[in-house]
Amino acid sequence: MSAARPQDLACRELVEILTDFLDGALDERTRTQVEQHLVLCPGCTEYLRQFRATIGSARKLAEEDLPPRVRENLLDVFRHWRHGS
Amino acid sequence: MRAWKFLDSGRVAPFGGHVWPAPSAGAPGEWLRFPAQEIFACRSADLPWWIGPELWEIELEAPVRGLETQLAAPGGRLIRRVVDWDAAALRAYGVACAERARALAVDALTRDGRAEEAAALTRARSMLELSRVARGFAGDARERQSSNLAGYLAESSMRASEAAAAAAANIAANAAVAAVKDPTAFDHERQWQAQWISERAGLTPVPVAAM
Amino acid sequence: MAAAVSSEGSREGPDATRGAALPLLTPEDRALVERLRAGDEATFLAFVEKNHRAMIRVAMGYVSSEGIAEEVVQEAWVGILQGLAKFEGRCPLRAWMFRILINCAKMRGGREARSVPFSALESDNPEGERRPVETFRPPDDPRWPGHWARGPERWTDERLADAEALTRIKAEIEKLPPNQRQVITLRDIEDWDSAEVCEALGISEANQRVLLHRARTRVRQALAGWAAEETP
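Order-wise, the sequence lines are chains S, W and Z. Using this note's numbering, you'd call the opening residue of the first sequence number 1 and step up by one each time. Using this note's numbering, you'd call the opening residue of the second sequence number 1001 and step up by one each time. Using this note's numbering, you'd call the opening residue of the third sequence number 2001 and step up by one each time.
Derived from the structure by calculation, the hints contain no laboratory data. Being a predicted model, the structure only gives us computed values, none of them experimental. There are no misleading hints in this set.
Here are the simulated EDC-like pairs of lysine to aspartate or glutamate, each with C-alpha atoms no more than 20 Å apart in a straight line:
hint, chain 1, residue 1, chain 2, residue 2
1, S, K60, Z, E2164
2, S, K60, Z, E2049
3, Z, K2170, Z, D2191
4, S, K60, Z, D2157
5, Z, K2175, Z, E2070
6, S, K60, Z, D2162
7, Z, K2175, Z, E2066
8, W, K1181, Z, D2141
9, Z, K2170, S, D65
10, Z, K2170, Z, E2070
11, Z, K2106, Z, E2070
12, Z, K2086, Z, D2029
13, W, K1181, W, D1140
14, Z, K2050, Z, E2066
15, Z, K2050, S, D65
16, Z, K2050, S, D76
17, Z, K2050, S, E63
18, Z, K2106, Z, E2071
19, Z, K2086, Z, D2040
20, Z, K2050, Z, D2193
21, Z, K2050, Z, D2040
22, Z, K2170, S, E63
23, Z, K2170, Z, E2158
24, Z, K2050, Z, E2196
25, Z, K2170, Z, D2157
26, W, K1181, Z, D2140
27, Z, K2086, Z, E2028
28, S, K60, Z, D2191
29, W, K1181, W, D1112
30, W, K1181, S, D8
31, S, K60, Z, E2158
32, S, K60, Z, D2193
33, S, K60, Z, E2174
34, Z, K2050, Z, D2191
35, Z, K2175, S, E63
36, Z, K2086, Z, E2034
37, Z, K2050, S, E72
Pulled out of the complex, with its shape left as it was, chain S reads as follows (with noise of 0.2 Å):
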């Protein structure tokens, strides 16, 4: 009984190295794996989409309101600083 080639990335194997492969820390020959398993598996580039639209997302949770109190009490420090404490 044959498996898929020994050589070639199973689908478990590859949502572990997701993170390496988006940073670019992955070395060619298995860059290159990733790449070409992702052509032939719709399941993975699934994933893989998923995994990126997570990440787009939890971009969009950058907030920027500072609570009313938190900006008086450090307005409070920085005056008590700038006059030399």
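On the provided structure of chain S, position chains W and Z as indicated by the hints.
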């Protein structure tokens, strides 16, 4: 040097996501270069690895590196779209590969004395029907090789029915290995696939510089 | 209020897995420091606003409640302002700031650990939450060991655009173990690059990537659980 490149619809690079500049009025598209990233392209033999919706002829900037399944270069520019490679061609490719898997399964079932099952596979017309029928014969794949090949066929034809051609092709290439229990059969199947793609797309051989 | 002030350029020792050396202070940050030293309140407030959530989340990695994290962040600001006079810009501003913050948080967290146990921060798999049925084929599969048996269900663009998705992601990040939460916050929410995160948290590039991967994997999985529920 000239080579081939598959892109996603709209000239989108499948992994980088960037859009390739289009040729216009008979002139090649602008050169694309990235500071930290090479441009990749296919020789004819490489085509089955990188199947996509659009096929383009590309010119690569020297020096070009030859890798196992692709060429790498510091830059490239699109020359022309291969118009004979379209959605229909992609779909037909997947079906053609699944048909190879069908032949293997039919042959194995016949030699295994399972003539009726072989006939049922031969009769099946759509890829979806073929997948369903083959699935029924794949149960004891661990015990019988003919069942295992029916399993590959069920998977390959299912993918072909979804127009997931690259998946169908890879499954068929793995089936070829299983049929003869020889890993070199994989490369032979890829060669068959490369030939099919070249013929369907009307690719005349491009000059390949000695590596 | 005395706070720990980090000295610039102090590192944990040679680490071959650290990434490339960080650049020095950027011109923008240099100008920022000048305006702060000159007492510019508007600049200070804008600067605080930009970093506040990240600082809270990082502090939360060491203390047990958001209220205490806020106090730690405030203490850190005192230390940062006090350190500004001597800050020479031999390392990036943000990395320097966050080292001060982490020192404050560790000191505070250390005092607390004796009296206040961490609560549900570490808990895995809350009851009743449905998990997606994605599975891999076993190692003895005849054709595709380790490949998808049941692959991920496709997410539609509508599901992703739903405001509920953001709420879920936020909730899931809050539930992560502290070190994973810190890394995903700084990399994916605050969009820091890898080298900066390593510098601020004092961890190696490899370690940072492992934490980030685990965090992203858990958040994606939780989101898939919700998305799978919604499928009619």
